Amino acid sequence: GKWKNKERVLIFSSRGINFRTRHLMQDLRTLMPHSKADTKMDRKDQLFVINEVCEMKNCNKCIFFEAKKKQDLYMWLSNTPQGPSAKFLVQNVHTLAELKMTGNCLRGSRPLLSFDPTFDKEPHYALLKELFIQIFSTPQYHPKSQPFVDHVFTFTITDERIWFRNYQIIEEDASLVEIGPRFVMNLIKIFKGSFGGSTLYENPHYQSPNMHRRMIRLSVAAKFREKQQVKEVQEIKKKGSKVLMEGDPTEVVFETPAEEKPVEIQLVKPESKPIVKDKKKPRKIQRKKQKKLFRTEA
Amino acid sequence: QDGLRQRLAEFRQQLAWVERLDVSAGQAPEPLPQGAAGKGAVDPENDFQREMSFYRQAQAAVLEALPRLRKLQVPTRRPDDYFAEMAKSDQQMQKIRQKLKSKQEAMERSEKAKQLRAMRKYGKKVQTEILQRRQKEKKNMLNAVKKYQKGLSDKLDFLDEEQTSSQGNKKGSANQWTKKGPNAKRRYKNQKFGFGGKKKGSKWNTKESYDDVSSFRSKVAHNKGPGRAGKGGKKALNKRPGKRARQKMKNRAR
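Heads up: the protein sequence lines correspond to chains A and B, in order. For what it's worth, my numbering labels the leading residue of the first sequence as 481, then goes sequentially. For what it's worth, my numbering labels the leading residue of the second sequence as 54, then goes sequentially.
It is possible that some hints are incorrect.
To be verified - According to the in silico footprint, chain A covers these stretches of chain B (three or more CB under 8 Å from chain A):
hint : segment
1    : 105-111
2    : 138-148
3    : 154-168
FYI, nobody ran anything at the bench for these hints, they're computed from the structure. None of the values given here were measured: they were computed from a predicted structure. Glycine included, C-beta positions come from ideal geometry on N, C-alpha and C.
Isolated chain B (complex conformation):
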C-alpha cells in the first residue's frame, strides 16, 4: 500500500486542469424515485440499471465541467459551419440512420396491423349487433301482427304509415277482455315463444266466435249512421243506459 502511494506520488503530474479535463463526479439527479441509495444499490447484472448509472455519471460530469470550460474559454459547441473529419465516417452514420429508420418502420407496420385487426373485430361486433337488432325488430313486428290477428290488441301503432287498417277492424273484440285476457304465465309464454302451434287446423266456428257480436254495428245494420267516409275506425262502446232508464225498462217489462 505504501509502495502504491509512493509510486503515485512520483508518478503524478502537476498539470493544469485544462490539460487533463478530468472530473470526478457523483451522479446526476435521477428522475425516478430511487431514494438515497445511490450507487451502492446498482445491480451489475441489471443491464439497464447499470447503463443508466453510467449515463448519469457522465451527465453529472458534463454539467460540472461545461461551466468550468466556458470560464476558461475553451469552446464546447461546434459552430454549424465548421466541417471537419468525424470519428465515424458519413457512410457509417448513414448505415446507422437506415437501421433506425427500418426499425421504426417495422414497429409502425406492426402497430398498423394491430389496429386493423382491432378495427375489424370491432366492425364485426357492430355488424352482428345490427343484424341481431334487425331480427329482433322483425320478430317483434311479426308478434304484434299476430297479436292483432288474434285480437289481443287493437292498437295499430306498429304499422305506422302502412295502409292495412282493414286488417285492424277484423276482429276487434271488447277492450275489457284484452285486459284480463290470458293470465301472466300464458302471456309470458306467448311473448317468448310466439303464437305458434297449428294454424291451419284451428276451428273457425267455435262457441266464442258464434257468441262474438263485436263486429255488429247497429247503425250499419239498420242503415242509419252517417256515411262511412267519415271516421271509419271509430267505435262507440255499447253504452249502458243509466239507472233511471234501466228501472223504467224493468218496470215496463213487468
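Chain A on its own, in the form it takes in the complex:
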C-alpha cells in the first residue's frame, strides 16, 4: 500500500543529559521508525528555535528532552508548526536494556496504543490523548515499518501522572511480556502554540522538583526548630521566676504556744553519780601501751 500518513517526529535533547535519558532517547528512536534524530541543542538558544529546526528536517512533531541541574528531566511534546505543545516532568525512567525487561519486538513494528478511560473524561486529557496518538503511532505502510502488530503501548493515569509501559504480545489470548522502556510523565502545562504561546492548561497537582526538594528541607528544618523551641521553653520553666505567694492567713489557726514553765533557780549542788568502772575497756595507760606496741610492730 501507499504511505499516506506523513508523520515525522523529531527526537532530540539539550545538553547536560545523563546516560539514562540518552538511552531512553535511543530506545524511542528504535521503537518509532518514523522518527528522526538531531544533534544536541545549545541551552542558550530560545525554545522557538526548535520550530525552525523541525522545519528544516521536515518534521511535523517533536519530542524534546531537557535536563536541568543534572537531576530533573523535562519532556516537551509538540506539534510543530502551530501547536499545541505540552511540557512534562519525567520520572522513574527504565530503559530497554534493563535485564528485567524480557520481551522483544520487531524493529519498526506498529504498536497498539491503549489508553485509560480517564483520558476521555477531561478535555486536557483528551487533547493529550490526541497528541500521543499522533506522535506514537507508526503510520501504515511506512517504508521502515514492519507490517505486523506485535506490541502495545499503554498510557495510564494514576496518582495524577501518566504512566507509560510497552508490552510484547506473545499469544493471541493476550499474554504479555514487558519490553520497556518505561517512564512516568507529570504534566506541567499545555501551551497553545508550539514551544510557546498562551497557556491552555496548568496542572494544579504539579509541584516542581525544586519545590519538592525545598519542602523536604523545610520539613527537616522545621523538626529541628521545633525541638529547639521545646528546649527553650523547658529552660525558661526551670530558671523561671518563682512566684512569691502571700502568706496564708489560716496558717496561724492551729498554732498553740507551749505553756510557760516557772523559772527554777538551782541553789543546791546535785548529787554526784557513782562511778562505775567498765572492766572491758582497758585502762587509759594500758591503751596507750597497746598503741605503742602497735606502732613498734608496724
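Since the structure of chain A is provided, determine the placement of chain B on it from the hints.
Same frame as chain A, now just chain B:
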C-alpha cells in the same frame, strides 16, 4: 477549558482507525476477587497492584483490537520464517536469558540445600529413635533375665531361640507365689529402677531358701520317673489328694 476544546477540535485528525490503532480500554477481567471497585481502588504506592492494573489494561486493549485487526486483514502473528531486525539485539536477549537462568539455578540450589538439611535432620531423628528403641529392648531383656533369676517369672518367652533352658529351671518356685509376689508399688519400682542394689552381698542361706523345696522332684529323688530325655521342662503341680483320700488319711492318723 473552551480554549482546550477549540484547540482539540482544530488539532484532531480524521484518520482511519487502522492508521492510529488506538484503543481506549477498561480492564480485562481479573482472576482475583477484587469486587467492582475497579481502577479507583488501585493504590499507586502498591507497585505490584499498579503494574497489574497496567497489564490488565493492555490485555483488554489487545483482546479488543486483535479481532478488529483480523477483520481489516492486518497481520498480527509473525510467521516463523520471517526474520527481521528486532528492537533488542540477539546479544541483549542472550544476556537476559542468562540472567533468568542464573536466577533459576540459584533458587534451585537453595532449594536443594534446604531439602538436604531437612533430610539430614529427619535422618538424625530416625537414628536416635532407633538407638533408643534398641536400648529399651536391651533394658527389657536384661530386666526379664533378672526377673527370671530372681524367680519371679518362669516364662522363657524372652529368650526365643536361645539354649539357656537350664537357667530357667534353677529356681522355679510355685506359680501361686508369683501372682501375689511383691505388691503393686514394689513391682512398679522394680520395673522402673530395675533389680539393682547389692548383689554380691545378698545372703544365700536364708529362711526362704531353706524352706524352699520346689526343686525337689520326688520321682527324681526316688529314681522312679521316666528318663530325663523325655520332657525335661515339665513340672507337675503337687497334687492335693481328694476329699475322700484326705479323710482316710486323717482317720488313719487318729
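Each hint, compared with the structure:
no. : hint    : in the structure
1   : 105-111 : holds (count 5)
2   : 138-148 : holds (count 7)
3   : 154-168 : violated (count 0)
Violation of the numbered hints given earlier is confined to hint 3; every other hint is satisfied by the structure.
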